[in-house]
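J.: Line order of the protein sequences matches chains A and B.
Start counting the first sequence at 1; every next residue gets the next number (my numbering).
Start counting the second sequence at 1; every next residue gets the next number (my numbering).
The set of hints was computed from the structure by calculation and includes no laboratory data.
Be aware that one or more of the hints could be misleading.
Distance windows between CB atoms, simulated [what the hints assert, rightly or not]: (1) A:Leu304 with B:Glu219: 26 to 32 Å; (2) B:Leu170 with A:Tyr240: 22 to 28 Å; (3) B:Pro346 with A:Asn130: 50 to 56 Å; (4) B:Gln399 with A:Glu216: 37 to 43 Å; (5) A:Glu216 with B:Phe305: 24 to 30 Å; (6) A:Tyr240 with B:Phe305: 46 to 52 Å.
Predicted model, so just to flag it, every value in this text is computed and none were measured.
For every residue, glycine included, the Cβ atom is placed at its ideal position computed from N, Cα and C.
Listed here are the chains, written in short residue letters.
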Amino acid sequence: MSLSRREFIKLCGASAAGVGLSQLAPAPIVEALEKAAAGNPPVVWIMGQGCTGCSVSILNTVHPTIEEVLTKIISMKFHETVMAASGELAIEAMEKTAEEYPGKFYLVVEGSIPTDKDGMYCQVGTYHGNTRTILTEVVELGRKAAAVAAVGTDACYGGIPAARPNPTGAKSVMEIFKEYGIKTPVINIPGCPPNPDWMVGTLAHVLLYGIPELDELGRPLLFYGQLIHDNCPYRGYFEYGVFAKKFGDEGCRYELGCKGPETYADCWKRRWNNGVNWCVQNALCIGCVQPDFWDKYEPIYESLG
Amino acid sequence: MASCLTPSGGKKAAPAAAAAGPQKIVVDPVTRIEGHLKVEVTVAGGKVVDAKTTGGMFRGFEIILKGRDPRDASQISQRICGVCPTGHCQASVLALDDAFGVTPPTNGRIIRNLILGANYVQSHILHFYHLAALDYVKGPEIAPFVPRYDGPDVYRLPKAVNDAAVKQYLKALDMRMKAQEALAIFGGRMPHVQGVVVGGTTEKPSADMIVDYVWRMKEIQKFVHETYVPTVYQVAGVYMDLFEVGTGCKNFLSTGVFPLDNEDKTHLLKRGVYTEGKDYPLDPMLIREQVKHSWFENYTNLHPFEGRTVPMYPKSGAYSFIKAPRYNGKPHEVGPLARMWITNPPVSDHAKRFLGVSTSKEVPFRALGDKAFSIMGRHAARAEECALIVDKCIEWAMQLKPGAATYKEAPIPASSKGMGLNEAPRGSVTHWIVIKDKKIDNYQVVSPTLWNAGPRDDKDIPGPIEQALIGAPVPDPKNPVNVVRVVRAFDP
Numbered sequence: 001m002s003l004s005r006r007e008f009i010k011l012c013g014a015s016a017a018g019v020g021l022s023q024l025a026p027a028p029i030v031e032a033l034e035k036a037a038a039g040n041p042p043v044v045w046i047m048g049q050g051c052t053g054c055s056v057s058i059l060n061t062v063h064p065t066i067e068e069v070l071t072k073i074i075s076m077k078f079h080e081t082v083m084a085a086s087g088e089l090a091i092e093a094m095e096k097t098a099e100e101y102p103g104k105f106y107l108v109v110e111g112s113i114p115t116d117k118d119g120m121y122c123q124v125g126t127y128h129g130n131t132r133t134i135l136t137e138v139v140e141l142g143r144k145a146a147a148v149a150a151v152g153t154d155a156c157y158g159g160i161p162a163a164r165p166n167p168t169g170a171k172s173v174m175e176i177f178k179e180y181g182i183k184t185p186v187i188n189i190p191g192c193p194p195n196p197d198w199m200v201g202t203l204a205h206v207l208l209y210g211i212p213e214l215d216e217l218g219r220p221l222l223f224y225g226q227l228i229h230d231n232c233p234y235r236g237y238f239e240y241g242v243f244a245k246k247f248g249d250e251g252c253r254y255e256l257g258c259k260g261p262e263t264y265a266d267c268w269k270r271r272w273n274n275g276v277n278w279c280v281q282n283a284l285c286i287g288c289v290q291p292d293f294w295d296k297y298e299p300i301y302e303s304l305g
Numbered sequence: 001m002a003s004c005l006t007p008s009g010g011k012k013a014a015p016a017a018a019a020a021g022p023q024k025i026v027v028d029p030v031t032r033i034e035g036h037l038k039v040e041v042t043v044a045g046g047k048v049v050d051a052k053t054t055g056g057m058f059r060g061f062e063i064i065l066k067g068r069d070p071r072d073a074s075q076i077s078q079r080i081c082g083v084c085p086t087g088h089c090q091a092s093v094l095a096l097d098d099a100f101g102v103t104p105p106t107n108g109r110i111i112r113n114l115i116l117g118a119n120y121v122q123s124h125i126l127h128f129y130h131l132a133a134l135d136y137v138k139g140p141e142i143a144p145f146v147p148r149y150d151g152p153d154v155y156r157l158p159k160a161v162n163d164a165a166v167k168q169y170l171k172a173l174d175m176r177m178k179a180q181e182a183l184a185i186f187g188g189r190m191p192h193v194q195g196v197v198v199g200g201t202t203e204k205p206s207a208d209m210i211v212d213y214v215w216r217m218k219e220i221q222k223f224v225h226e227t228y229v230p231t232v233y234q235v236a237g238v239y240m241d242l243f244e245v246g247t248g249c250k251n252f253l254s255t256g257v258f259p260l261d262n263e264d265k266t267h268l269l270k271r272g273v274y275t276e277g278k279d280y281p282l283d284p285m286l287i288r289e290q291v292k293h294s295w296f297e298n299y300t301n302l303h304p305f306e307g308r309t310v311p312m313y314p315k316s317g318a319y320s321f322i323k324a325p326r327y328n329g330k331p332h333e334v335g336p337l338a339r340m341w342i343t344n345p346p347v348s349d350h351a352k353r354f355l356g357v358s359t360s361k362e363v364p365f366r367a368l369g370d371k372a373f374s375i376m377g378r379h380a381a382r383a384e385e386c387a388l389i390v391d392k393c394i395e396w397a398m399q400l401k402p403g404a405a406t407y408k409e410a411p412i413p414a415s416s417k418g419m420g421l422n423e424a425p426r427g428s429v430t431h432w433i434v435i436k437d438k439k440i441d442n443y444q445v446v447s448p449t450l451w452n453a454g455p456r457d458d459k460d461i462p463g464p465i466e467q468a469l470i471g472a473p474v475p476d477p478k479n480p481v482n483v484v485r486v487v488r489a490f491d492p
C-alpha cells in the first residue's frame, strides 16, 4: 500500500480537519493500517448491465494515477476491460481469487443485476461448460468478499436498466444481498458515472481507515454529504431570481431543469476530468447519483415541480 | 459471404486437432472489449472453420425510452456505451434535429465535431494500447497483465520494442485522459456529456476554452503522429501473417461523420456503401434488422422506423441478444476500416514506407489493397483515422467564433419522425425516433456492435465478425489468441 495519508487527503481535495481525519486517524494508527493493507489487496471487478462508463471514468483518476492504482495500490485479479486473460483463463483467475483469499478480497460491482429469466439477461462467462450470469457472480463472490463496492448508479440503485418498465427485472447489489441473506458490507458509490475521486477515494479510505461513514442510502458522506444546490456557484443567481431561459444564458439553471436542489454530491467542489468542467457549469445537473434516477427526475429539461 | 464458410480442408492438420477431429473452443468472456461477448469457434486442421458470436446482455433501452420526453433520448441513449457515449448522443440529437426540424448554428456544429473528435481520439488510443496491444505486447508479470495466453509464437516483439511498448501503454493512459479533458471543456464532463442537445450545444465558446482545447489536442497530436501511428506499423511488420487473417465479408457501410456544413450533407469521413466490390451512395431506407437467430420475438426484417424490440428467451435456433442488421439484404462491416475504405483519404508517410513506396505524391488508403481486409489492416485504418481527426479538430477549434450562438431552440413536435445517422469511433450508429403526442412512440438504435458482432441473419448468413474468424489459425486450442485478435481488431 503506497498511498500515504497525505496523498489520501490530497485525493479528497480537502484539509485533514475538513474530513475529520486528524481526530479519526492519528499517525500511529494510520501506520498500523497501512501495514495491514500492505501487499496489494486483491480486487475483483465484475460487470453486470452497465456501459463500462464507470470503468472509463476511473481511468481518469489523477491522484493517484490509474497506473499507481493498478500497479502499486491494489492487485486487480479480474476486470473484463483491462485484464490480459480471456475466456476460461480469465474466469479461473476470478474463481482462484475467491478461493485463495476468502473474506479478504474486495469485490467491485459495476452495472445492475437482472433477475428475470434466471439472470440470463446478463451472461458474463462460461466456466467448466456452464454459462455464468452476473446474478450468480454477485451472489457467490459477494458471500466470500471482505466488502463490496457498488460503483455507479446501476449497481447502487438499479439505474437505467431498472427504469420503468424495467424489462429485465434489474436490481441493485443491496437488493440482491437482502434477497439472498448476504451480510457482506456494501458501500454505494453512485453516479452515472461516478467521479474517479469518489471511487479511488472510497477505496483508499477502506484500505487506510476502514469503511467510511455512510448515509442512509449507503453512500460515503465524505463525497455525498452535501447538496449541490446549497454550494452551487450559481446559487446567487437563484437567490436574486436570475434564471437562464435557454442554454448559453447567464443565470441559475433551475428553470432549464437542473436537479441540483435534490442531488447530494460534491461535483461543485471537485468538478470533473481533472477539474476542467462540471455538468451545471455546462448545462445542468440531471441528478445522476440519486436513487430512482431516471424515473423521478424526468423530463430532464423541465424544472423540478 | 457463403464461400467464406466452406471448411478450408487443409491437409496440414495440427496434431491435437487431427486426433480429436473438429473441436469446439469457447472464449467467454472475450475480455478487453466494451460489454459482454462470447465467441464459439469450431477448429479443424488447426484453423477456424465455423464461428458464432453471442452478445450475452440485454438491457432494454428501446423499451425504456418508449413514452418518455423526446429530448431525454440523447441523455438516456448515450448510456448505451461508456466508451463512446458521444457517438450515441450525437446520433440521438441528429434524430431529434431531424424530427424537430431544427439546424444547429455553425458554432454548434463545430463544437459537436470537437466533442466527437476528442472522443474518437481517446477511444482509438484506448483501443489500440489498452484493449488490443496485450495480444502482441507482453505486459509486466503482475495482475491484471497475468495470466495471459502464451506460446512460442504469441509474443514476437524484440525485447527492446516490447519494453518501449509497455512504456507507451502508460503514456497512452495519460493521452486518453487528456482527450477526455479536452472533450469536457465543451461537453461538461466525460463519460456522459451534458453539452450536446437538440438544436446544437449548450455553452458558448470563449477564447480561453478554445486555447484549453487546442493545447491538449496538440500534445495528443504529437503522440498520435510520432508514437501511435508508427508503432502500429512497427508491430504490424512483426506480424505480417496477420494481414492475411480476419478478412471478413468485404462489404462496408459508413453513414458519414463530422459534418462540414450545417445541413449535414458533406462530411470529413464520407457517407457511402461498398458492396461486393462496388461503391454506392447510402440509402438509409435499405437498412433492416433481422432476428431469426436472436433472442427476440420474430418481428424480423423491419426498417428501424417500424422496428420492434421484444426479448424472447429462450428461443429455438437463437444464440444472441444482438440483432443482425443488413443493408440491402447483405451483411456490412462498419468501423474505421469501413470509413477509411469508403473515404479513401491519403495515408501517412509511415504507411507509405510500410508499402515500400517512396513518393512525395499522395497515396490513397485503398493502395493497401487486400491487406486492408485483415486484423492488422483494421489496426492501421484506426491509427490513420486517429491522426486525420486529431489534425482536423485543431483546425476546427480555430474556426469557432467566441461568444457566438451554439444553439437554436425548437419546440417538441406533436408528431414527427427523425433519423440520426452518425459514426461512433467503432462504427455506424443510427438512431430512429417516432414521436406521437409529444412523447416517444418508437425508438430504435442500430449500433456498431449489431452490424459487426451480430449473429446469422434470416438467410443464415453469418455476421461480419463470424465471417472474419473463418480461417484464423489456432494451432494450440488452449491458446486461441488469433480468435481474440480477430474480434478485438473490430473493437466490437
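J.: With reference to the structure, classify each hint as holding or not holding.
T.: Hint-by-hint comparison with the structure:
1. Between Leu304 (chain A) and Glu219 (chain B) the CB atoms are about 41 Å apart, so this pair departs from the stated range of 26 to 32 Å.
2. For Leu170 (chain B) and Tyr240 (chain A), the hinted distance range of 22 to 28 Å is not satisfied, since their beta carbons lie about 49 Å from each other.
3. Evaluation of the 50 to 56 Å hint for Pro346 (chain B) and Asn130 (chain A) yields a pass: the beta carbon distance comes to about 51 Å.
4. Distance hint check for Gln399 (chain B) and Glu216 (chain A): the Cβ-Cβ separation is about 51 Å, which falls outside the suggested range of 37 to 43 Å.
5. With their beta carbons about 46 Å apart, Glu216 (chain A) and Phe305 (chain B) fall outside the hinted range of 24 to 30 Å.
6. Evaluation of the 46 to 52 Å hint for Tyr240 (chain A) and Phe305 (chain B) yields a pass: the beta carbon distance comes to about 47 Å.
Going through the hint list in order, the structure does not satisfy hints 1, 2, 4 and 5.
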